[in-house]
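The primary structure of each chain is shown beneath.
2 protein chains.
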Amino acid sequence: MRIVVALGGNALLKRGEPMTAENQRANVRRAAAELADLVRAGHSLVITHGNGPQVGLLALQAAATPDTPFPLDVLDAETAGMIGYVIQQELGNVVKDRPVATLLTQVRVDPHDPAFATPTKPIGPVYDEDTARRLAAERGWTIAPDNGKWRRVVPSPKPLEILEAEVLVFLVERGVIVICAGGGGIPVISLDSGGIIGIEAVIDKDLASSLLARQLGADMLLMLTDVDAVYLDWGTPQARPLGWVQAGDISATVFATGSMGPKVEAAVAFAVETGKPAAIGRLEDATEIVAGRRGTHIKSGTLLT
Amino acid sequence: MRIVVALGGNALLKRGEPMTAENQRANVRRAAAELADLVRAGHSLVITHGNGPQVGLLALQAAATPDTPFPLDVLDAETAGMIGYVIQQELGNVVKDRPVATLLTQVRVDPHDPAFATPTKPIGPVYDEDTARRLAAERGWTIAPDNGKWRRVVPSPKPLEILEAEVLVFLVERGVIVICAGGGGIPVISLDSGGIIGIEAVIDKDLASSLLARQLGADMLLMLTDVDAVYLDWGTPQARPLGWVQAGDISATVFATGSMGPKVEAAVAFAVETGKPAAIGRLEDATEIVAGRRGTHIKSGTLLT
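As given, the protein sequences belong to chains A and B, one line each in that order. Using the working numbering, read the first sequence as starting at 2 and increasing by one per residue. Using the working numbering, read the second sequence as starting at 2 and increasing by one per residue.
Hints listed in this document are in silico derivations from the structure and should not be mistaken for laboratory results. Being a predicted model, the structure only gives us computed values, none of them experimental. Incorrect hints may appear among the rest.
Note that the list lumps identical chains together, so a pair holds whenever it fits in one copy or between two copies.
Heads up, simulated EDC-like pairs for lysine to aspartate or glutamate below, C-alpha to C-alpha not over 16 Å straight-line [unchecked claim]:
hint: 1; residue 1: 159; residue 2: 201
hint: 2; residue 1: 97; residue 2: 193
hint: 3; residue 1: 97; residue 2: 167
hint: 4; residue 1: 277; residue 2: 35
hint: 5; residue 1: 97; residue 2: 111
hint: 6; residue 1: 97; residue 2: 35
hint: 7; residue 1: 159; residue 2: 234
hint: 8; residue 1: 159; residue 2: 130
hint: 9; residue 1: 15; residue 2: 131
hint: 10; residue 1: 150; residue 2: 68
hint: 11; residue 1: 150; residue 2: 129
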């Protein structure tokens with residue numbers, strides 16, 4: 002199967018870990034072992050990843066040289082390089098019979114997307130409220146509460162088109178394992194002149210991965226995170242995991258909290274448009290999820306199988 | 002012709018300009034117009050670029066979050082993302098009938114390369130001597146004089162193998178204009194286990210481009226900079242430009258000063274190994290250089306043409 006695999010933030014950094022290069026590499030190594038099992042099972046992988054903590058860190062670092070401010074699209078491109086590099090190197094070390102390549106990916110968004118007026122995507126570290134308010138005043142950030150702490154939030158417009166899809170297909174057809182759409186891809190808008198230009202935003206990597214999977218004709222969209230399934234009534238005594246569900250059923254349910262909302266939205270969009278399954282589950286269960294034995298699987302159609 | 006084009010630092014930033022994103026984009030746009038002319042003339046391009054000022058700036062920025070130090074190989078990967086992105090976007094805006102793609106590139110070096118004991122590659126901004134000595138003491142840098150000022154210098158080992166050459170060939174054969182080996186590529190060394198791991202260094206982009214041109218079977222290596230030719234007796238009243246020369250003649254000449262040394266070394270290595278020409282000249286003369294009417298051309302063989 003051709004599978005688009007979206008690596009959640011925990012594949013790069015466990016919650017609460019300092020974001021050192023060593024920690025990121027150790028986590029990526031763990032993810033690479035799981036991905037290698039999928040390759041050995043004969044699957045063709047296109048791998049994406051988030052960049053929330055990383056792009057936030059680079060933005061903090063860039064503030065150290067205020068005479069040379071770099072916009073978010075450029076910082077997104079930096080994170081695609083730094084994270085893609087480590088994934089490529091660690092995956093290449095365990096999958097030696099297939100080439101691995103990292104491709105920069107531009108993603109077209111709508112300049113009139115309402116997200117530009119209402120930033121919601123958290124990036125960078127968490128702060129106490131006083132620090133967050135001071136930084137917001139100093140640097141013009143928008144901030145928002147995040148699990149009892151505060152974080153910077155930036156616009157996260159809806160991805161409309163993966164601009165490098167044709168090139169990605171060339172590589173996939175030649176058996177290359179491709180790392181792309183890092184951090185959800187680099188957001189760009191169309192110019193009246195017919196060209197494109199970057200715009201300051203961070204695209205949700207699950208929504209970008211869903212679009213990518215549709216454009217590449219993938220057989221499955223696999224979103225790997227640190228919870229084993231999508232839960233109904235998450236955080237209550239009645240919490241229960243979803244196994245195989247229909248897109249029509251799950252899309253009526255509200256998954257507003259945490260990062261599960263975009264994952265479910267991404268899964269439903271892929272399943273409904275392609276008739277193929279999307280799955281959500283733990284990184285460590287990747288092989289079992291693809292085999293249909295673990296995780297939450299979302300399908301379109303009227304009959305559950 | 003299949004041409005590997007190495008963009009000198011001035012294609013990204015004119016000497017003395019502040020390294021803002023806007024300045025870099027404006028310079029890249031100028032370079033893109035020249036490259037587009039080569040594409041329209043029917044040539045197939047693989048484009049490389051340096052990263053000296055950029056990787057130095059990112060290293061300064063990274064020092065602002067000292068708890069998360071990033072090694073030079075990771076910073077090299079960041080610059081490949083940020084610079085590759087801007088080149089890809091600006092070139093794509095003027096070459097609309099050919100896909101443009103940016104590929105991360107790992108380059109194998111020898112862990113026992115003498116460059117690791119003797120750093121020589123300048124990166125980042127220039128400083129007065131007192132500031133440079135203070136930063137060197139604080140941060141463990143090696144520093145060296147640079148045109149009357151001082152700069153940080155880092156190891157620049159000799160590139161031995163472009164690890165993504167196979168994937169690059171796939172793309173070139175499909176008509177994709179590829180941007181790769183950014184900043185000379187990301188330096189890696191072989192592990193006894195059979196894998197690879199990054200190492201802290203910055204590879205010379207002209208030497209990496211020469212190796213790349215040999216591995217890709219390029220018809221020409223074109224190094225674009227801000228001087229119109231290689232000069233004999235540069236900086237003296239007797240200075241005279243070289244036109245068409247034999248590798249055997251030029252390699253006996255000393256070009257120790259500035260950045261011309263690696264360019265000549267890169268040109269000679271390509272010409273001698275492939276029997277095909279390497280050329281050095283001004284960005285603005287790119288089309289005229291390829292046509293053989295400007296720049297310095299280095300060929301192997303015993304007869305000048």
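Hints, verified against the model:
no.	hint	in the structure
1	159 - 201	within (13 Å within a copy, 38 Å between copies)
2	97 - 193	between (45 Å within a copy, 14 Å between copies)
3	97 - 167	between (25 Å within a copy, 14 Å between copies)
4	277 - 35	neither (22 Å within a copy, 45 Å between copies)
5	97 - 111	neither (40 Å within a copy, 20 Å between copies)
6	97 - 35	within (15 Å within a copy, 39 Å between copies)
7	159 - 234	neither (27 Å within a copy, 58 Å between copies)
8	159 - 130	neither (29 Å within a copy, 50 Å between copies)
9	15 - 131	neither (26 Å within a copy, 42 Å between copies)
10	150 - 68	neither (30 Å within a copy, 21 Å between copies)
11	150 - 129	within (5 Å within a copy, 43 Å between copies)
Figure legend: structure checked against the earlier numbered hints; hints not met, in rising order: 4, 5, 7, 8, 9 and 10.
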